[in-house]
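Student: Respectively, the protein sequence lines represent chains A and B. Counting from 1, one number per residue, gives the positions in the first sequence under my numbering. Counting from 1001, one number per residue, gives the positions in the second sequence under my numbering.
Heads up, some of the hints might be wrong.
In silico PhoX-like cross-links for lysine-lysine, where the CA-CA straight-line distance does not exceed 25 Å [said to hold, decoys possible]:
1. B/1244 to B/1172
2. B/1140 to B/1154
3. B/1345 to A/84
4. B/1173 to B/1154
5. B/1116 to B/1068
6. B/1070 to B/1141
7. B/1368 to A/105
8. B/1338 to A/105
9. A/39 to B/1309
10. B/1345 to A/39
11. B/1309 to A/105
12. A/84 to B/1338
13. A/39 to B/1338
14. B/1156 to B/1141
Hints were generated in silico from the structure; no laboratory data involved.
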Amino acid sequence: MNRKAITFIGALLITISAVSMAFAFGGGNARKGKFLYRKNCRSCHGKTASDLSPASMVQADWKATFEDVSKIPCNKDWQGLPEKDINDIFTYLHDYAKDSPTPAKCS
Amino acid sequence: MTINKLPRALGALFVSFMLLAAMPLMASAGESKSFKKFPEIVDYKFVAKYAKVPRPAKSLIIDSRPYKPKYVAGFVPSAVSIPASQFDKMTDQLPKNKSTLLIFYCGGLKCPLSHKSAFKARELGYTNVKVYAKGFPDWKKNALYHSIGLETLKAKMEAGENYMLVDARPLKKFLDGAIPSAISIPERQFSEKRGMLPADKANTEVIYYCGGFKCPLSHKSAIKARYLGYKNVVVAEAGYPGWKELYGVGAGVQAQAGEMEGSIDTEQFLTVLKGNPDQFLFIDVRSPEEYAAGHFPPAINIPVDDLEKRIDEIPTDKPIVFSCASGARAGEAYYMFKDMRPDVKEVFYLEATNEFTEDNQYTVTPNK
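Construct the complete structure from the given sequences, taking the supplied hints into account.
Tutor: As structure tokens, this is what we get:
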């Protein structure tokens, strides 16, 4: 294979991974996310923090919020949560957002 | 007619062989007192003509061994069980027409039961009585397959044995209700669907069933499977009607998983709900108001917001199925339950959209 092609494919791969790293969430288990959200987030949100449900925001806002989870104010409170669980929570919030086909309050 | 002469000749041969074989035994142990043998002996080839479903006219094969454990463990296809010990009580099982061919068999050359019953049948006036003296061991050696009782199937199921249960009826029948753990390979689609049969032809037992004692589909499929090279093929002859009678609908085995993690197969959910609701614990996790406006008849109400508090009051002696309106809260309940009581294995939720009316009528639509 010639060098140019290799360079091209390499560049392509880097671009793809960079883009996907920029936003890695989606396609999780919304059912599990609903439970995880209750377990890890509702303990504050709705009690001591703002009442936050999927339908509190539109999908684009949820995406923006999860763009960098370290910027979320209460990030400290759910440190150590596996990436997969965060993704399930995101999927739940995003898929039931205000502008989704099925906007949802928390239960 | 040659058919009549052949068995007689064979019978004579057999008797002389028997004497030779029994001689040393009698000399050494003296226990095997030879019993009175029935004169009309038939062989495998003769019996095979009648061991068919549907049963050829004016014939009946009778298993003289005890029902349990012998008959249920394996019998000649189409044979009925009339244990020799019960013969006098069970004469009503014999055909009315006394010229019907009756073939008795039991556990082989040393077994007197079939001979005993054959003599009794002749006394009752039956004119065409035979004994398949080599009996069931000989059948197993020569035949492509044999039949088993549902009791044996259930035992295999519970022991988690290495078998594949195949429903040979049309798909529609299968969907209306089937024996737990069965897959559907309708006899008419045997060739197209033969890829669904197990890869291990030598060790995995293939068990066929269909619509009961008069249904030929399972027998046809069993023979085809043997020609495909499956070594271990049997037919659970009593089929789905027999299963329903013995064990009820959907009985005996755990829920089947649906597509989503933790979800139950919607078809199975409905089958059990309609046919045998005692099999599952149905928990409706919607609010009390929603529950009051209509719910699955056997369901109890534990709103998802109360589940955490009440988690320990939930009995776990049968599979638990959570349901709500869309699957969202039921799914949440499922994960919460799994999180709080990880020891409980049989927990599911209904991934479906459900509508109820006040008199507890319901419409269940699987999601996606």
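Student: Now tell me, hint by hint, if it's right for this structure.
Tutor: Each hint tested on the structure:
no., hint, verdict
1, B/1244 to B/1172, "holds (17 Å)"
2, B/1140 to B/1154, "holds (21 Å)"
3, B/1345 to A/84, "holds (22 Å)"
4, B/1173 to B/1154, "holds (21 Å)"
5, B/1116 to B/1068, "holds (19 Å)"
6, B/1070 to B/1141, "holds (17 Å)"
7, B/1368 to A/105, "holds (22 Å)"
8, B/1338 to A/105, "holds (23 Å)"
9, A/39 to B/1309, "holds (14 Å)"
10, B/1345 to A/39, "holds (21 Å)"
11, B/1309 to A/105, "holds (21 Å)"
12, A/84 to B/1338, "holds (17 Å)"
13, A/39 to B/1338, "holds (13 Å)"
14, B/1156 to B/1141, "holds (22 Å)"
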